[in-house]
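Asks: Once you have looked at the hints, place chain B on chain A.
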Amino acid sequence: MNAANSSQWLQPAFNDPVLDAQTSFRSALKALAEPGLAQPLNRALALESLHPATYALCLAFLDGDTPLWLAPRFDTPAIRANLAFHCGCPIVAERELALFALLDESELADLSAFDNGSERYPDQSCTLLIQLDALSNGAPLRWRGPGIKDVRCVELPLPAAFWQQRQARSAFPRGLDAFFAAGDQVIGLPRSTRVLLNAEEAA
Amino acid sequence: MNRDRPHSDMQHSDPHIATRQRWMGVLARAGGQLAAYESALKEADYRLIRAPEIGMTLVRGRMGGTGSPFNLGEMSVTRCVVRLADGRTGYSYVAGRDKQHAELAALADAHLQGAEQPHWLSRLIEPLAAAQQAQQGAKAAETATTQVEFFTLVRGED
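Read top to bottom, the protein sequences are chains A and B.
By my numbering, the letter at position 110 of the first sequence is numbered 110, and the numbering carries on one by one without gaps.
Throughout, my numbering is defined as the position within the second sequence, counted from one, plus 1000.
So here's chain B without its partners, still in its complex pose:
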């Protein structure tokens, strides 16, 4: 499962949807880091529309990114939907089997749709995004040292 895929090329044309896609992606990748924000996220009253549930989803891929689709395999996914007292509804789909993560991510999505969006963006999303970017950069640097380049001068086919 490749969590580090750059996703700038998949941005939605609607800026509202693009922003929400970004924070949902950050929340989905946050994993256990969200636990630090649990008390803040659970301050407001909320109820579970769909309690966190674990299921499987089929991941499909395209050969070279453009070929015809094939079934890559199944992965476990946890999803959750919450509703805050004021009616805002938050959704989450996260990889893995961590119900706590799914519930907190859904809560964060609900909070981020309200008037305090800038507050939550700066307090929650930006630090998480920065941490994820740093982690991704470190991993890329570590991988880069093992890269081997092959040169083929003449293949003899022509």
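Chain A with its partners taken away, still in its complex shape:
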């Protein structure tokens, strides 16, 4: 796809590229530092089916060094053109090569191919950017771990298969970090957070 064909899809991104990117990155950091607490992320406009928070995460995180895997729902000419223009990130077809993945809820049943880092470089894992319709009204689950005093109850509307997949890919320090975005809010789920799936684990 060359520039002459894709320029018709281009939209403005952040109003203030420097400040908005810093603010969005800060919100994302806070989301990971306090897992389960929704953080505001409203500096971008929606881009087609991408919510403002999801697009702001993309604009803050992605650049020429971060290969991105796109879920089929987001693989449209407009999203490709704008990510290529504003972020300059390569879009890869193989999940194994991706440092970031842009997912919707239909992709959460199989996370096996994404890179969860190595013992020596656990930081090189793939970070999942997951767009949901809402960040509440799911089954209440109790989260605990760094950044959470005692226990935090989070109601993300996620299929049970996601939690199994996350568990399967987790071998600390290896694992997958995730951001859940909806509307103009984001919730972080780092690999260090333990999610209690049933009452017996509470003790």
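Hint data in this document are derived by calculation from the structure and do not stem from the laboratory.
There's no promise every hint is true.
[Claimed, not checked] Computed cross-link-like contacts, DMTMM-like style, restricted to lysine to aspartate or glutamate with a CA-CA straight-line distance of at most 25 Å: (1) B/1042 to A/16; (2) B/1099 to A/63; (3) B/1099 to A/20.
Replies: Quick look at chain B alone, frame taken from chain A:
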């Protein structure tokens, strides 16, 4: 930074691209002269896809033009992308830190891609190109008076 380099040898084989390269080059070298056309260029509705932003770029050179590349140094560059109401998109990359220049050059590039291309070529590009050529000629003439020629008869190497 050598702005006066002859660029006829770098022409693209596609005539459309070659013409656009030429006007983008003229616009990039125009500097403050574009301000005179500001009201005409801003007549049409437009929005900024990428507001003018200043950055650095690494300039590389080749020894003698053909050797292996080396890093010459960094220079500041301002770039801008605009979209006219009818969807035409104009790009600009200009040397220096003049945001106004970058925005006007991008606007001119967008206008030059439309149906009124001959109008803009004759009104904007040709006068600017002529002025740049005259300036370049004057500078070359001024430099030529200081030229010194060295002759080596026998170097004693053979």
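Asks: Identify every previously stated hint that the structure contradicts and give their numbers, smallest first.
Replies: Nothing - there is no hint that the structure violates, so all of them hold.
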